[in-house]
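S.K.: Protein chains in written order, with this note's numbering: chain A, 1 to 471; chain B, 1 to 471.
Incorrect hints may have been included.
Identical copies look the same in the list; a pair holds intra-copy or inter-copy alike.
To be verified - With a straight-line Cα cutoff of 27 Å, these simulated DSS-like cross-link-like pairs (lysine-lysine) come out:
#1 9 - 393
#2 125 - 156
#3 137 - 7
#4 235 - 125
The hints are simulated quantities; they were obtained by calculation from the structure and are not laboratory data.
There are 2 protein chains.
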Amino acid sequence: MLPIELKEKLIAIVGKENYQDSNASKLVYSFDATPQFQSMPDAIVSPGNTSEISQILKLCNQYRIPIVPRGSGTNLSAGTTPLEGGIVLLFKRLINILEIDEENLTITTQPGVNTQHLIEAVQEKGLFYPPDPSSMKISQIGGNINENSGGLRGLKYGVTRDYVLGLEVVLPNGDIIRTGGKLAKDVAGYDLTRLFVGSEGTLGVITEATLKLLPMPETKKTILALYEDLDAAAKTVSAIISNRIIPATLEFLDQPTLQVVEDFSKIGLPTHVQAVLLIEQDGDPQSVERDIGKIAEICKENHAVEVSVAGSEIEAEALRTARRSALSALARLKPTTILEDATVPRSEVANMVKAINRIAQKYDISICTFGHAGDGNLHPTCMTDARDEEEMKRVEKALQEIFEHAVALGGTITGEHGVGAMKAPYLHLKLGEAGIDAMRGIKQAFDPNNIMNPGKIFAKSDRKRIVVSQR
Amino acid sequence: MLPIELKEKLIAIVGKENYQDSNASKLVYSFDATPQFQSMPDAIVSPGNTSEISQILKLCNQYRIPIVPRGSGTNLSAGTTPLEGGIVLLFKRLINILEIDEENLTITTQPGVNTQHLIEAVQEKGLFYPPDPSSMKISQIGGNINENSGGLRGLKYGVTRDYVLGLEVVLPNGDIIRTGGKLAKDVAGYDLTRLFVGSEGTLGVITEATLKLLPMPETKKTILALYEDLDAAAKTVSAIISNRIIPATLEFLDQPTLQVVEDFSKIGLPTHVQAVLLIEQDGDPQSVERDIGKIAEICKENHAVEVSVAGSEIEAEALRTARRSALSALARLKPTTILEDATVPRSEVANMVKAINRIAQKYDISICTFGHAGDGNLHPTCMTDARDEEEMKRVEKALQEIFEHAVALGGTITGEHGVGAMKAPYLHLKLGEAGIDAMRGIKQAFDPNNIMNPGKIFAKSDRKRIVVSQR
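Isolated chain A (complex conformation) (with noise of 0.2 Å):
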């Protein structure tokens, strides 16, 4: 509980109507889309302002209260979650598009706008914004910020970190800094625009962005490739990208989740291959269809059965959605789910592949793997029962197994989702000691008093991953 003196400051900064401390609301904010991670904070508190904020923060470092920023909670990584309590601080009175600036092309925006209303605002103005993560029906774009979100469309366009230009951000101490601006170049000083993007929230509060946005592609084309081996599928993403073919979506699923998919989205996906790639090609309509007859010969010539091309936008944008919402299917399969997220050089994906399969079968666990293939981005996702712990066991030590592998083969333990508390354990294989040593500097350097998010990013024990997902 919060000392009530603290309490009642909490409501002068904020009003009593956006300060929650009931059991109720405590609960929803206990968790995010990492279920076994649930801790109750102490309060739940939603500032209009960055000012605001600034107070809040203020007084946060004073008591020595944990803050944990937080937008839908979509992240899967256990990176909201309240562990050692404090207050959630929600963005939801923060939710106006700044401005949609069309000669320098950008938008500023407040963190809470929803990623995909931000998406749709600018594309009224024949704008781009390419950031895409799954969960965009759903996130915030301060979220995603505070995650360096990645998602389909990643191989040709980048991630979050790529469209952020410009920051404010009030610090743990209160200060309010504002990093880059509607600027193409900018080198006053340290990179501090990239360092909060993907920070976790431990760094500070973002209260405003602004983004790059691109020219919309004049027309976009979807290949679907069938393939009766997981490695032929594999080496085609290679293939294609050696072609000097940089898709703006290659995605992979293997059998065991087109068939889930399939059972969840009903569109006539194929569910008797051993895997598909989803690939898609934007540009100018000359570009594209160049690009997309190359892309069918690669697919055949590396022992694709099928090859197809969406006959419709209505038909391709069937086949996206049902992508994005491969673990909403899957978690639909067994009582848990375990979504991964282990990443390597694009090259590797082949190896990474065999090798996921090879650790499923050596623990005897099931394991359907899909992902941002072009990316080298692997979800291995493991359907399995949190009650089984003889099993749960085996699924740990698969798990650490992959992890092992992925950082082996050159890749990192984890593309897209973040460290959160989740893979706190396992940062030392991809950074080491002195790697995380670094980082803590940083953290320090801003928050001495750790109260920015505690417990995200650096592990305190070697407490290993818990599960995703869970009926």
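Starting from the structure of chain A, add chain B where the hints point.
M.R.: What follows is chain B alone, placed relative to chain A:
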């Protein structure tokens, strides 16, 4: 002078032939491309591998001796001058390209590789490394990374930062860390990769880098548009982008710059007009043709008096080379040439050019302006004489006013040259004290003894900027 036992230890690490402390050697490395900051180092060391660099940094940390990592010293912000003495650390033995990976589209390189050599090496394989600083014929890739160098292709392709995927870095305490990798996505903790890019050698020594490559655009075309009116040229810049076209290059040169560049390069540049835009588009032939057609139209609509498409790649290359030689050309004109780097949102280029001319008139000094107009990145350049103290005072006042104006327009004090020692007194204009404090915290965390390139980025006093180039 270094303590004698330190000298002996350094020689034991790098070998006698890679340690220099003769007066002649020290003189050579007492300045970079920013002459008025000359200051003598105590020694120059040229390590041959990462382990040697680690040993050197440990020693220097122990003895509290400054280390200045230095590529070719082409920076224009006094970023590599040994202001507090100590050791200049050269990359000249670290000149190998370690791998060009055509499947992952990456190049892994040591820091001492010449930028142009790197660009040509990947070009031979049909690949493209876009960052092209004007100094690329001389500069080293390690220096480019330290400075986050820009270039002529920044508008469409971004700057050095956008191509650095992974680094090996030796920290001031001797720790060797590896960040990122051949990975399109990696969110394992804070973005150390981008923190090191542009950190001007103040946080550690970069010993290896993995850079992203693109497929080489099939073709490119170049337009030269002539204007009798500066404002019309500046407005064309915004109009092109507002029309949803992102050219690869969009350069601006005013009449005085044109005149001196033509005198220097003798390629037949028009010298009778007030300004030119040099515009390039690349991509597949149809898109380039279409974009170039539209761009030509937009130029005419915005009152270009002549618009011509370069007849051949040789002609286009001559134009680019002429543009890259602007600094060398201008430096011949008067004893002292002050090349500045003020950047504004693209939509403010017209206002900024007008302000520069108004400020030049107000202080009765001669400024000509060129730069990467598409990026809003202008290089107002003052031809003066450092021996004329009275004029220099006016120059200083004028430049300060230019920076203040750039920031007031939503711009920055440096778009691509870095802060170094030269811009340090102005950093607060962009960042405020809270922003500088946040950066100081990072510096302190990495380098508590301040051995890495001391005197850069952070101002000791309110020392004013100094001239760039003197005949």
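S.K.: Now, for every hint given, state plainly whether the structure supports it.
M.R.: Outcome of the hint check:
1. 9 - 393: neither (46 Å within a copy, 52 Å between copies)
2. 125 - 156: both (22 Å within a copy, 20 Å between copies)
3. 137 - 7: Neither. Shortest intra-copy (33 Å) and inter-copy (62 Å) distances fail the 27 Å Cα cut-off.
4. 235 - 125: between (39 Å within a copy, 21 Å between copies)
Hints 1 and 3, counting from the list given before, are not met by this structure.
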